[in-house]
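So the sequence lines, in the order shown, correspond to chains C and L.
Using our numbering, the first residue of the first sequence is number 1, and each one after it goes up by one.
Using our numbering, the first residue of the second sequence is number 1, and each one after it goes up by one.
Please keep in mind that the hints were generated in silico from the structure rather than gathered at the bench.
Treat each hint with caution, since some may be false.
Put simply, identical chains are the same to the list, so a pair is met inside one copy or across any two.
What the hints assert, rightly or not - In silico DSSO-like cross-links for lysine-lysine, where the CA-CA straight-line distance does not exceed 27 angstroms: (1) 196 - 274; (2) 104 - 185; (3) 261 - 336; (4) 271 - 97; (5) 336 - 271; (6) 249 - 336; (7) 336 - 11.
There are 2 protein chains.
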Amino acid sequence: MINFDEDQYRKDLTAQVNAIAEGKKVADEITKQGFDNIFFVGVGGTYAMQMNFVTLAKQYTKIPVYLEQAGELVLVGNPHLTEKSLVITGSKSGDTKEIIAAEKWLKEKNVRIAAMVMSKDSAVGQLCDWRIPLQVFKGVEFEYLSMYGIFYGLLADNGDFPQFNEFYDQIKKNMVEGIINTQKKFDDRAESIASKYYKTDYQMWIGGGELWGEVYLYTMCILEEMQWLKTKAVSSSEFFHGTLELVDKDLPVFLVKSVGKYRPLDERVEKFLKKENNNLTVFDIKDYMIDGFNDEFKPIISPIISTIILNGRLSKHLEAHSGHSLDMRRYYRQFKY
Amino acid sequence: MINFDEDQYRKDLTAQVNAIAEGKKVADEITKQGFDNIFFVGVGGTYAMQMNFVTLAKQYTKIPVYLEQAGELVLVGNPHLTEKSLVITGSKSGDTKEIIAAEKWLKEKNVRIAAMVMSKDSAVGQLCDWRIPLQVFKGVEFEYLSMYGIFYGLLADNGDFPQFNEFYDQIKKNMVEGIINTQKKFDDRAESIASKYYKTDYQMWIGGGELWGEVYLYTMCILEEMQWLKTKAVSSSEFFHGTLELVDKDLPVFLVKSVGKYRPLDERVEKFLKKENNNLTVFDIKDYMIDGFNDEFKPIISPIISTIILNGRLSKHLEAHSGHSLDMRRYYRQFKY
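Only chain C is shown next, with the shape it has when bound in the complex:
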């Protein structure tokens, strides 16, 4: 497969899977200290990734779980954020401006911070109380995995996720090879989709529930940021309240179908689009689900499946066709603004 170093990827994934145990230890320590609520604080891709946990929290725990934009939090605060709160934040690079500012603001308020970051020596790493280990810079699957130890660990410690060990066992047994195999399985389709759509003026992307963050991330942080392709992302629950009117027979439309309780919303969108549009691409995460996981764990790992096929494979083929490197930026980190 193009742009895929299988040996290195296997090594990285294995390290990230092993690091879940470290995240669980952080969770145990925080649980011992006690906390009233969890604040996810992010920006851009990290914020989008966090959406998944905030959404799934509704199905597992009564612990209040909030999501805040780092840049907004420091301006306004939140009445539920106290010294008894736990903040989970992250920055792959460790130097994201908004996250550093948020951490400094939080430390002044004596709020404890756990941060997903590559290095404890980075600015973000220095400012946090606990590092949540991230092993690799590229690939959102590593970010999701990095969260599993701390987030589902906290839930387990609270009695909300007694299946933690079973879940982790299935990850250890099946995740690495499963993820690699799914990418191989999807790769031909990625090539065919990329060859058709790498030059589009506009793409409409739809998805929802525990995959809404993925759709939001893929359109904004990959297609827009890395390929300069114009997109609109709309959730399956909102699609029928405005954006549907743009649909005609030819519009390039992409639907990511989720596998959990929100799936009926995606199915309603799909039914409509199959009637009204002839340029529809459906990514049914069910078709790419990896083996060896209990049904109840499938929605939890579904954003990993989504990101490995879209970000992992489709992007690479878009890059190959467009000749537009995924690393090229006009502005981001090119100069100060």
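Since the structure of chain C is already known, use the hints to place chain L on it.
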């Protein structure tokens, strides 16, 4: 002004302003009964309108305030939603499918519902415990005003908004004529903007804080739904994390600048865009703010200012230029799907 019946509008607005007292009575009754938290439940335009209240709640109250997509809530529920919760929902028409389904689901769980709706005889009106009066179908300003009595009334009753009477006095004294005058003041600019942009292939819209819901609504429910114009809406806090890469000198970009604590985020975006883009339109809500309100009330009424200039005036001029009626739909309410 085109498509503006000043006498009727004045009458409608006055009625809506008077109805705030009715909303306050509902708030007093609910307060007497007691409640643990507030759930806003909406879809599409109503959901977008509700975002404003959820955002501003952070600055005024410790009452937990949640926002839920109606279509998602009925599939998954929310662990914090109990018989002691208050749901605030709404449907202008009174027959929005997702809202009716949510109300039925909520009634089975014995959750109390206050619904913004034109008529108590509508399906949504029949299913709610309290009607929050909405006087007019068209115009999001009426929706915002309809919420003031119940929402700020609940906050006032909880000791979080002791300035309620002063706020309401200023509304009664200044809102109706202020809103009319602002629309007159903006109308020439609306015409000039509409004549330039009514045929664009794509528009990028940016805004944030208490105006994010407005930007979300105007792009999705007006430009996309009513003019079939493609858009991307992105919040000021997220703009620098992906979408900025689409910006070149010629891209049509629109920025709605807010007036409260989030304004620095908009200013950062503006500074960047003024350097990198020559096709920028800035709507600074400060320039169109109506007289007679304390500074602290300006962020609260800012979405009304935003909607009257954008939805109220700009849309009418877009319609005049495009010849595309704001009432024309391909699909919505045209057939079942």
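Hint by hint, which ones does the structure fall short of?
2 and 7
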